[in-house]
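Protein chains in written order, with the working numbering: chain A, 1 to 304; chain B, 305 to 748.
If you're looking for bench data, these hints aren't it; they were derived computationally from the structure.
All C-beta atoms in this analysis are idealised placements derived from N, C-alpha and C, irrespective of residue type, glycine included.
Among the hints, erroneous ones may be present.
Taking lysine-lysine pairs in the DSSO-like style, the calculated list, with each CA pair at most 27 Å apart, reads [what the hints assert, rightly or not]:
hint	chain 1	residue 1	chain 2	residue 2
1	B	Lys-487	B	Lys-546
2	B	Lys-731	B	Lys-546
3	B	Lys-624	A	Lys-48
4	B	Lys-465	B	Lys-487
5	B	Lys-748	B	Lys-699
6	A	Lys-48	B	Lys-748
7	B	Lys-465	B	Lys-546
8	B	Lys-624	B	Lys-699
9	B	Lys-731	B	Lys-699
10	A	Lys-48	B	Lys-731
11	B	Lys-731	B	Lys-748
12	B	Lys-699	A	Lys-48
DEER-style ranges, computed between Cβ atoms [to be verified]:
hint	chain 1	residue 1	chain 2	residue 2	range
13	A	Val-22	B	Asp-430	55 to 61 Å
14	B	Gly-587	A	Leu-134	21 to 27 Å
15	A	Phe-115	B	Phe-675	57 to 63 Å
16	B	Thr-696	A	Thr-59	57 to 63 Å
17	B	Gly-587	A	Phe-115	41 to 47 Å
18	B	Thr-723	A	Val-41	39 to 45 Å
One letter stands for each residue in the lines below.
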Amino acid sequence: MSTLAPRRTRRRPRAALWALLVPFVVMFALFFIAPIIYALVQSMFATKSSGLGLGRPETVFVFFDNYARALSDPAFVESLGRLLLFSAIEVPLMVITALGLALLLDSGRAWGGRFFRVLYFAPYGVPGVVATLLWGFLYIPATSPVLQMLEGVGIHINPLSGDNVLFAIANIALWGFAGYNMIILMSALDAIPSELYEAARIDGASAWSIIWNIKLPLVRPSVILVTVFTLIGTLQLFVEPLVLRPLTTAISSTFTPNLAAYNQAFAQGNPNLAAAMAVIVALLGFAFSFGFLSLVNRKGNRAW
Amino acid sequence: MSIFPSARRTRLLSALALGAVGALALSACSGGSTDGGGGTAENPTEITFQSWVPNIDQAVDAFNEAHDDIHVTLETITAGPDGGYAKMLSAVQAGNPADVAQIGYDSIPDFLVNDALEDITEYVGDSADTFVPWQWETGVFGDQVYAVPQASGPLGQFYRKDIFDSLGLAYPTTWDEYYEAAKVIRASDPNRYIAAFAFNQAPWMIGLAQQGGANWFGTDGDAWVVDIDGDATLSVAEFWQKMIDEDLVKIEADFSSEWNADIQNGNIVTWISGSWADAILRGTAPDTAGSWAVGAMPQWVAGENVSATWAGGSASVVLKGSKNPEAAAEFALWLNSDPTSVDILTSVGAGWPAIADTSVVPSLQDDPEVFAFYGGQDIWDVFAESDAAVDTSWKWPPLSSTLFASLTDNVKAAVDAGTPLVDAYRKTQTDVVTALEERGITVK
Numbered sequence: 001m002s003t004l005a006p007r008r009t010r011r012r013p014r015a016a017l018w019a020l021l022v023p024f025v026v027m028f029a030l031f032f033i034a035p036i037i038y039a040l041v042q043s044m045f046a047t048k049s050s051g052l053g054l055g056r057p058e059t060v061f062v063f064f065d066n067y068a069r070a071l072s073d074p075a076f077v078e079s080l081g082r083l084l085l086f087s088a089i090e091v092p093l094m095v096i097t098a099l100g101l102a103l104l105l106d107s108g109r110a111w112g113g114r115f116f117r118v119l120y121f122a123p124y125g126v127p128g129v130v131a132t133l134l135w136g137f138l139y140i141p142a143t144s145p146v147l148q149m150l151e152g153v154g155i156h157i158n159p160l161s162g163d164n165v166l167f168a169i170a171n172i173a174l175w176g177f178a179g180y181n182m183i184i185l186m187s188a189l190d191a192i193p194s195e196l197y198e199a200a201r202i203d204g205a206s207a208w209s210i211i212w213n214i215k216l217p218l219v220r221p222s223v224i225l226v227t228v229f230t231l232i233g234t235l236q237l238f239v240e241p242l243v244l245r246p247l248t249t250a251i252s253s254t255f256t257p258n259l260a261a262y263n264q265a266f267a268q269g270n271p272n273l274a275a276a277m278a279v280i281v282a283l284l285g286f287a288f289s290f291g292f293l294s295l296v297n298r299k300g301n302r303a304w
Numbered sequence: 305m306s307i308f309p310s311a312r313r314t315r316l317l318s319a320l321a322l323g324a325v326g327a328l329a330l331s332a333c334s335g336g337s338t339d340g341g342g343g344t345a346e347n348p349t350e351i352t353f354q355s356w357v358p359n360i361d362q363a364v365d366a367f368n369e370a371h372d373d374i375h376v377t378l379e380t381i382t383a384g385p386d387g388g389y390a391k392m393l394s395a396v397q398a399g400n401p402a403d404v405a406q407i408g409y410d411s412i413p414d415f416l417v418n419d420a421l422e423d424i425t426e427y428v429g430d431s432a433d434t435f436v437p438w439q440w441e442t443g444v445f446g447d448q449v450y451a452v453p454q455a456s457g458p459l460g461q462f463y464r465k466d467i468f469d470s471l472g473l474a475y476p477t478t479w480d481e482y483y484e485a486a487k488v489i490r491a492s493d494p495n496r497y498i499a500a501f502a503f504n505q506a507p508w509m510i511g512l513a514q515q516g517g518a519n520w521f522g523t524d525g526d527a528w529v530v531d532i533d534g535d536a537t538l539s540v541a542e543f544w545q546k547m548i549d550e551d552l553v554k555i556e557a558d559f560s561s562e563w564n565a566d567i568q569n570g571n572i573v574t575w576i577s578g579s580w581a582d583a584i585l586r587g588t589a590p591d592t593a594g595s596w597a598v599g600a601m602p603q604w605v606a607g608e609n610v611s612a613t614w615a616g617g618s619a620s621v622v623l624k625g626s627k628n629p630e631a632a633a634e635f636a637l638w639l640n641s642d643p644t645s646v647d648i649l650t651s652v653g654a655g656w657p658a659i660a661d662t663s664v665v666p667s668l669q670d671d672p673e674v675f676a677f678y679g680g681q682d683i684w685d686v687f688a689e690s691d692a693a694v695d696t697s698w699k700w701p702p703l704s705s706t707l708f709a710s711l712t713d714n715v716k717a718a719v720d721a722g723t724p725l726v727d728a729y730r731k732t733q734t735d736v737v738t739a740l741e742e743r744g745i746t747v748k
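Let the hints inform the model, and build the full structure from the sequences given.
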């Protein structure tokens with residue numbers, strides 16, 4: 001009896017452990033790890049033909065050839081550069097906007113805080129494709145009341161021209177996600193104990209110095225989270241250019257690396273090259289997010 | 305693909321599908337097939353058919369009604385270049401393809417290069433005479449038959465006859481007249497253009513080049529000869545350069561919402577397109593019924609009659625790995641040659657029938673609904689003539705999809721940056737040759 005009891009208690013948590021873990025591990029392995037491995041394997045093969053190319057092709061192992069081919073393709077390299085430029089525009093814009101809105105609604109002085117919180121968040125509920133279609137209509141002079149109005153007073157703007165298109169896309173992403181990020185930051189602001197504000201006010205701190213010395217340092221982890229999410233999101237840029245592509249000459253089939261990979265896989269029948277491109281984007285994403293995290297988490301790096 | 309140019313809706317669907325690359329392989333498993341051998345009325349042979357032509361289910365139903373030993377299930381898929389082809393090819397790779405699939409003439413070599421087509425010579429080989437020779441030949445490589453042609457897209461020019469008449473313009477029969485007409489039309493209204501320059505539409509640009517006498521691909525022994533930047537093409541490019549430079553064409557993607565609006569409100573008054581475009585015009589701009597007419601392609605040399613196609617046409621193929629290639633081939637042949645079926649296909653807008661004797665197709669003889677939209681004109685006369693005037697020596701190489709992507713990308717970039725169009729064609733030449741060679745294909 002006495003020997004059974006401890007064994008049973010030891011066994012039960014282990015069974016529970018497995019019962020809880022297995023569904024996750026199986027799904028994770030099947031739908032996350034396995035596709036990654038499959039993509040890695042695929043990226044090292046290529047189909048080759050000969051002569052007129054009308055006979056049976058063969059699949060050959062080419063090691064890193066597809067990577068070399070992707071990185072030596074000027075259009076793909078250009079798309080990587082465009083993506084970095086887009087991130088440089090979008091990430092600061094997003095973080096500052098979301099933080100600004102959160103601080104504004106958190107100040108307690110803003111009128112209709114609840115209403116605006118829902119209003120700013122609402123676009124997040126609109127699927128990306130639909131949002132881009134809506135903005136697409138607003139970006140075309142023939143269908144946009146805004147552009148027609150501006151035209152009426154002599155201002156000619158083409159949001160989808162080569163010079164403006166990145167900002168046009170950044171605007172769609174900002175519209176869609178700023179509210180969501182604002183909610184994350186607001187919940188962090190809500191968690192700050194009110195005694196801190198009281199103490200600060202007793203010490204004579206102004207609203208600005210409360211923001212600078214209390215709010216910002218305390219929501220720092222959430223700001224970092226929002227930055228990393230936005231960074232990863234921008235590196236995945238795909239839906240907006242895909243949907244806007246028919247509307248402008250400024251978006252090619254290789255506008256972003258993801259679009260280039262999609263184009264290779266689904267339009268040009270070269271899944272191997274597409275896999276290599278996808279792996280490159282993934283590595284870039286890893287490098288940037290971990291690079292950013294290690295940068296902000298270095299000891300003594302508490303500049304703000 | 306040629307017959308149905310990228311509909312944006314389908315492109316969105318394929319965008320959504322991208323997130324689930326793995327799901328492709330899974331969904332491919334749904335194409336069920338029974339074991340080979342002849343079916344009976346009690347136990348018919350089941351085959352599946354993948355197509356993106358709207359309302360083609362009417363033809364499939366007609367087949368099922370007329371046959372009790374074979375039963376066909378239609379799977380409607382995304383248009384070929386928007387993901388349909390990728391789905392077919394991955395299903396072939398997974399060993400679970402549909403039995404019969406719709407593919408463009410331009411894509412047949414693409415499928416061959418991926419070893420995705422079943423040799424159907426023994427089932428349909430003696431039906432060559434049923435079809436127009438050049439269309440039949442698009443599916444023949446060496447002595448093997450790989451495809452049954454369905455329909456082509458001979459080019460014609462749809463135009464707003466009422467607007468031409470009100471401006472006192474005669475129909476332009478040459479490109480010079482076209483240019484002069486464009487100037488009159490442009491001057492008549494600040495928003496009005498003779499046509500859209502469809503930078504997104506490779507088949508349209510290829511058709512214009514072909515009509516200008518270009519022949520981009522030929523074979524010399526065991527090597528391809530690629531001539532995308534030959535004199536004929538470049539002079540066509542220079543003509544459109546002039547149209548763009550003088551602001552006589554509107555730079556705008558066809559089938560875009562902006563284009564739809566312009567077609568509806570008469571800001572764009574002509575459209576060079578395939579015969580199937582009639583169904584699209586009637587659907588896009590029903591309010592303009594009676595105002596349109598169709599004319600033959602403007603000519604480079606007055607008095608000639610040279611036409612071209614919208615990237616060929618569309619065919620039915622039996623995918624490699626089909627468990628019932630015989631039944632599949634029988635369906636493919638019936639679908640594209642039986643008068644009942646061809647009549648249905650023609651009326652749903654599949655294109656100009658590939659069968660040699662179109663007199664058996666009732667809807668081509670008289671179609672009051674269609675003709676009324678064009679002010680009573682028998683528009684099929686125009687396309688019958690156009691079809692006969694197509695340069696049928698055009699051959700498609702493997703990797704036509706790369707050609708399409710490269711051509712539209714380069715033309716877009718040229719239009720966007722204001723660089724010469726001829727350079728876009730030269731760059732496309734380099735891109736396509738590089739892609740073919742990287743694939744191991746010989747180019748001379």
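Hint by hint, here is what the structure shows:
Between B:Lys-487 and B:Lys-546, the direct Cα distance comes to roughly 12 Å. Compliance with the 27 Å bound is thereby established for this hinted pair. Among the hinted pairs, B:Lys-731 with B:Lys-546 is consistent with the structure: their alpha-carbon atoms are about 20 Å apart, no more than 27 Å. For the suggested pair B:Lys-624 and A:Lys-48, the alpha carbons sit about 18 Å apart, so the restraint of at most 27 Å is met. Only pairs whose Cα atoms come within 27 Å are accepted, and B:Lys-465 paired with B:Lys-487 is accepted, the gap being roughly 17 Å.
Pair hint B:Lys-748 plus B:Lys-699 holds up; C-alpha atoms about 15 Å apart against a cutoff of 27 Å. For a cut-off of 27 Å, the pair hint linking A:Lys-48 to B:Lys-748 stands: about 18 Å separates their Cα positions. Restraint check for B:Lys-465 and B:Lys-546: the C-alpha separation of about 25 Å stays at or below 27 Å, so the hint holds. Between B:Lys-624 and B:Lys-699 the alpha-carbon distance is near 23 Å, which keeps this suggested pair within the 27 Å criterion.
Restraint check: the Cα-Cα separation between B:Lys-731 and B:Lys-699 comes to about 21 Å, which is no more than 27 Å; the hinted pair holds. Taking the CA atoms of A:Lys-48 and B:Lys-731, the gap is near 23 Å; set against the 27 Å cutoff, the hint holds. Between B:Lys-731 and B:Lys-748 the alpha-carbon distance is near 17 Å, which keeps this suggested pair within the 27 Å criterion. With a C-alpha separation of about 21 Å, the suggested pairing of B:Lys-699 with A:Lys-48 holds against the 27 Å cut-off.
Roughly 59 Å separates the CB atoms of A:Val-22 and B:Asp-430, a value that falls within the hinted 55 to 61 Å. Between B:Gly-587 and A:Leu-134 the Cβ separation comes to about 23 Å, which falls inside the hinted range of 21 to 27 Å. With their beta carbons about 58 Å apart, A:Phe-115 and B:Phe-675 fall inside the hinted range of 57 to 63 Å. Between B:Thr-696 and A:Thr-59 the beta carbons are some 35 Å apart, a value that contradicts the proposed interval 57 to 63 Å.
Between B:Gly-587 and A:Phe-115 the beta carbon distance is about 43 Å. The supplied range of 41 to 47 Å therefore holds. For B:Thr-723 and A:Val-41, the hinted distance range of 39 to 45 Å is satisfied, since their beta carbons lie about 41 Å from each other.
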